[in-house]
Amino acid sequence: MPQVKIIAKNFMDMVASLPAIKLDKLYNNVFICEAILRSLPPLAKKYVLQMLYINVPVPATMMEEWVLADGASKHRVAIDRLIQLRIFSEISDRKRGTSYSLNPTFQNNLQKHIISGGVLPREPMNSDNAIKLPSLQELETYALKQWECFLLQLINSGQGEKLTGISSSMMKIFQRGLLSQRDKDGPRLTESGFQFLLMDTNAQLWYIIREYISNAEERDVEPADLISFLLELSFHVTGEAYNSNTLTEVQNNTLKDLADLGLVKLQQGRKDSWFIPTKLATNLSVSLADSSARKEGFVVMETNFRMYAYSTSKLQCEILRLFARIEYQLPNLIACAITKESLYNAFDNGITSDQIITFLQQNSHPRCADRVPSIPENVTDQIRLWETDLKRIEMTQAHFYDEFPSKDVFEAACDFAREWGGLLWEDSKRMRLVVKSEVHNQMREFLHTQSK
Amino acid sequence: MPSVVSKQYSDDVSLLVLLLDTNPLFWSTTSITFSQFLSHVLAFLNAVLGLNQLNQVVVIATGYSSCDYIYDSSSTSNHGNFESNGTGMPALFGSLLKKLEEFVTKDEELTKEEVSEDRIPSCLLSGSLSMALCYIQRVFRSGHLHPQPRILCLQGSPDGPEQYVAVMNSIFSAQRLMVPIDSCYIGVQNSAFLQQASYITGGVHHTPKQLDGLFQYLTTIFATDLHSRGFVQLPKPIGVDFRASCFCHKKTIDMGYICSVCLSIFCEHHKKCSTCGSVFGQSKHDDASSVSDKKRKAPST
Numbered sequence: 001m002p003q004v005k006i007i008a009k010n011f012m013d014m015v016a017s018l019p020a021i022k023l024d025k026l027y028n029n030v031f032i033c034e035a036i037l038r039s040l041p042p043l044a045k046k047y048v049l050q051m052l053y054i055n056v057p058v059p060a061t062m063m064e065e066w067v068l069a070d071g072a073s074k075h076r077v078a079i080d081r082l083i084q085l086r087i088f089s090e091i092s093d094r095k096r097g098t099s100y101s102l103n104p105t106f107q108n109n110l111q112k113h114i115i116s117g118g119v120l121p122r123e124p125m126n127s128d129n130a131i132k133l134p135s136l137q138e139l140e141t142y143a144l145k146q147w148e149c150f151l152l153q154l155i156n157s158g159q160g161e162k163l164t165g166i167s168s169s170m171m172k173i174f175q176r177g178l179l180s181q182r183d184k185d186g187p188r189l190t191e192s193g194f195q196f197l198l199m200d201t202n203a204q205l206w207y208i209i210r211e212y213i214s215n216a217e218e219r220d221v222e223p224a225d226l227i228s229f230l231l232e233l234s235f236h237v238t239g240e241a242y243n244s245n246t247l248t249e250v251q252n253n254t255l256k257d258l259a260d261l262g263l264v265k266l267q268q269g270r271k272d273s274w275f276i277p278t279k280l281a282t283n284l285s286v287s288l289a290d291s292s293a294r295k296e297g298f299v300v301m302e303t304n305f306r307m308y309a310y311s312t313s314k315l316q317c318e319i320l321r322l323f324a325r326i327e328y329q330l331p332n333l334i335a336c337a338i339t340k341e342s343l344y345n346a347f348d349n350g351i352t353s354d355q356i357i358t359f360l361q362q363n364s365h366p367r368c369a370d371r372v373p374s375i376p377e378n379v380t381d382q383i384r385l386w387e388t389d390l391k392r393i394e395m396t397q398a399h400f401y402d403e404f405p406s407k408d409v410f411e412a413a414c415d416f417a418r419e420w421g422g423l424l425w426e427d428s429k430r431m432r433l434v435v436k437s438e439v440h441n442q443m444r445e446f447l448h449t450q451s452k
Numbered sequence: 001m002p003s004v005v006s007k008q009y010s011d012d013v014s015l016l017v018l019l020l021d022t023n024p025l026f027w028s029t030t031s032i033t034f035s036q037f038l039s040h041v042l043a044f045l046n047a048v049l050g051l052n053q054l055n056q057v058v059v060i061a062t063g064y065s066s067c068d069y070i071y072d073s074s075s076t077s078n079h080g081n082f083e084s085n086g087t088g089m090p091a092l093f094g095s096l097l098k099k100l101e102e103f104v105t106k107d108e109e110l111t112k113e114e115v116s117e118d119r120i121p122s123c124l125l126s127g128s129l130s131m132a133l134c135y136i137q138r139v140f141r142s143g144h145l146h147p148q149p150r151i152l153c154l155q156g157s158p159d160g161p162e163q164y165v166a167v168m169n170s171i172f173s174a175q176r177l178m179v180p181i182d183s184c185y186i187g188v189q190n191s192a193f194l195q196q197a198s199y200i201t202g203g204v205h206h207t208p209k210q211l212d213g214l215f216q217y218l219t220t221i222f223a224t225d226l227h228s229r230g231f232v233q234l235p236k237p238i239g240v241d242f243r244a245s246c247f248c249h250k251k252t253i254d255m256g257y258i259c260s261v262c263l264s265i266f267c268e269h270h271k272k273c274s275t276c277g278s279v280f281g282q283s284k285h286d287d288a289s290s291v292s293d294k295k296r297k298a299p300s301t
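The listed protein sequences correspond, in order, to chains B and D.
Note that the numbering used here gives residue 87 to position 87 of the first sequence, counting from 1, and the numbers run on in steps of one.
Note that the numbering used here gives residue 246 to position 246 of the second sequence, counting from 1, and the numbers run on in steps of one.
For the record, the hints were derived by calculation from the structure and aren't laboratory data.
Possibly wrong hints are sitting among the right ones.
[Said to hold, decoys possible] Here are the simulated lysine-lysine pairs, BS3-like style, with alpha carbons at most 30 angstroms apart: (1) D:Lys-236 to D:Lys-251; (2) B:Lys-112 to D:Lys-251; (3) D:Lys-106 to D:Lys-272; (4) D:Lys-99 to B:Lys-112; (5) D:Lys-209 to B:Lys-112; (6) B:Lys-279 to B:Lys-25; (7) B:Lys-256 to B:Lys-25; (8) D:Lys-236 to B:Lys-74.
The structure presented is a predicted model; accordingly, all values stated were derived computationally and were not measured.
Could you put the whole structure together from the sequences, leaning on the hints where they help?
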């Protein structure tokens, strides 16, 4: 599995990197405390729960006794995480050594939450209201449609269809890093862009949300506010309508953007407007941990390089088009072939063979997924071979040296270049040498001292 | 069961089935009142639900003569009615309290009907254990990804020896399903059933010493998910009471007679096994005073 550079999980790292004052402010909200608790590693969760009603600092040596010997590394990870998120504060004492205590705000809020539960600051819609609410099924289709629309626009911006209400400037921000602008042929998907498409919906969602938050300051919105609103949103009940009259203006604007992403559905009543969180929104705090339900695959790969994809989605079709030639499309089936040309095209765009193979493996049809290997071996081998075909020549910037005054100087120069790891080629008979450009400066200085 | 394991979440997502002892005969004798106890338990349940969004809690009330599901966090009927009942309890547990009240009243009526004076004031552990296992079995068969199940018995009533066979059968089914039974015994005597249940299924058995700190015991020991149990220090059993009950008088015995065919246990000699009908040999049984010599040790299950 290729290393995925875009890690959606590091949203919590972003929270951790907030300045201390803002972080402490975040903990004033009960729901954020809860969401943070849920994002912790299992052992850390346990420590928090265990220390919830302990008001004195607990010595580190005592905490080490809570775990067995083979859990020591996990213990350290948990403690580091808790300190990083400022949930634990470290107290060092010369006499008793290090001890830890819970962040008092966090502790208080969590205690309150556990005893009396939380009450959302939003007003749920009364059941006697005349507006008909969409069913959960409808809501899910709506959410997925919006999200797919958004993704399609994200990767296809050149085609200029205005599908969602996301402003083009906002779209640009999301596309940053995923698409590369080339002179002639418009934006192309980059390597990380392809990785993005490979991720499951929750992970993609977090990537987008993260970009959205990190961009917040440019829009004069406090990132901490945005984080707290988003985390709070994940505690609403899917399919319930909430009155948006309690929202601030910033939150209202955010809500509009979220509606475009399919996180909420907006509904206009006679007097008030309502918002209905979809599954995407309530799953936000789930995706903080890495457990996410896997989607069912749809691709059948045959040994003759033909691929059948049982999908009606335009997005899936676009993804396949990245590395395969679409031959024809039936209402529920996309038939395509993997050819040398289509793959060269993909490699040209910075997509690697490993990524393609992983994508095929992860999305293989349930019937094929049971087989080992799920993708025929001759196909995976050929994809890899075609990639290595392109990599027969490797280009390195280099400098060429010749006319050395003596054999000794030449040998010394060779050794020097070797030490710096920059020696590419040497010809001791005619005393010629090729060295990487990176070490050219050091090389020149070295030769200067030698010639003196 | 590889097919079961592969369907589980990789993480620490857990399904906790809590068996709550509501036996009025026990709660009239304890140092803490039932409502105090309940507040500890509700806080604990809230904490478990708070640990992970996918965590699930099912509560089964174990009464004197009946048992019933009183709460299931996965059923949608718990959402929606957010009108707090004004008691300061979490709105989510409003339905739990209501159901519990209904259950206790119903249980009381049933108890009145079948008054037997010499019955030990036990609770219907076998019934609630089987209900818990049925629920877990349904989760296993639902076909989707499911959380890792475990059972927690919160019991204070003494064991009812007449339930011996049913309880042991439930324990062995749990063992087969690889569902650990944790037990927290809050009564005065020791519960052999619970000790054996936890021992056989690989769960944790603990007897809290101070009941007013019950929440701390619950969170420290019983909130540990199965994933973390591999590297956390948990209380180890000091000794397990393996005593069995005889099939004829439902008494707990140290020594007894065992049918060599079906392994039924009896406290005194019979001519015929009441379970399988095998006829026992008479041997040198005429001398009644030497019975104690021939008593054999009960099987250590």
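A quick look at each hint next to the structure:
1. Restraint check: the Cα-Cα separation between Lys-236 (chain D) and Lys-251 (chain D) comes to about 28 angstroms, which is no more than 30 angstroms; the hinted pair holds.
2. With a CA separation close to 47 angstroms, the supplied pair Lys-112 (chain B) and Lys-251 (chain D) exceeds the 30 angstroms bound.
3. Between the alpha carbons of Lys-106 (chain D) and Lys-272 (chain D) the distance comes to roughly 40 angstroms, so the proposed pair goes past 30 angstroms and is violated.
4. Straight-line distance between C-alpha atoms of Lys-99 (chain D) and Lys-112 (chain B) comes to about 24 angstroms, which keeps the hinted pair within the 30 angstroms bound.
5. At roughly 26 angstroms between alpha-carbon atoms, Lys-209 (chain D) and Lys-112 (chain B) fall within 30 angstroms of each other, so this suggested pair holds.
6. Restraint check for Lys-279 (chain B) and Lys-25 (chain B): satisfied, since their Cα atoms lie roughly 28 angstroms apart, inside the 30 angstroms limit.
7. At roughly 25 angstroms between alpha-carbon atoms, Lys-256 (chain B) and Lys-25 (chain B) fall within 30 angstroms of each other, so this suggested pair holds.
8. Note on Lys-236 (chain D) and Lys-74 (chain B): the hinted pairing holds, with a Cα-Cα distance of about 22 angstroms set against a maximum of 30 angstroms.
Checked against the numbered hints above, the structure breaks hints 2, 3 and satisfies the rest.
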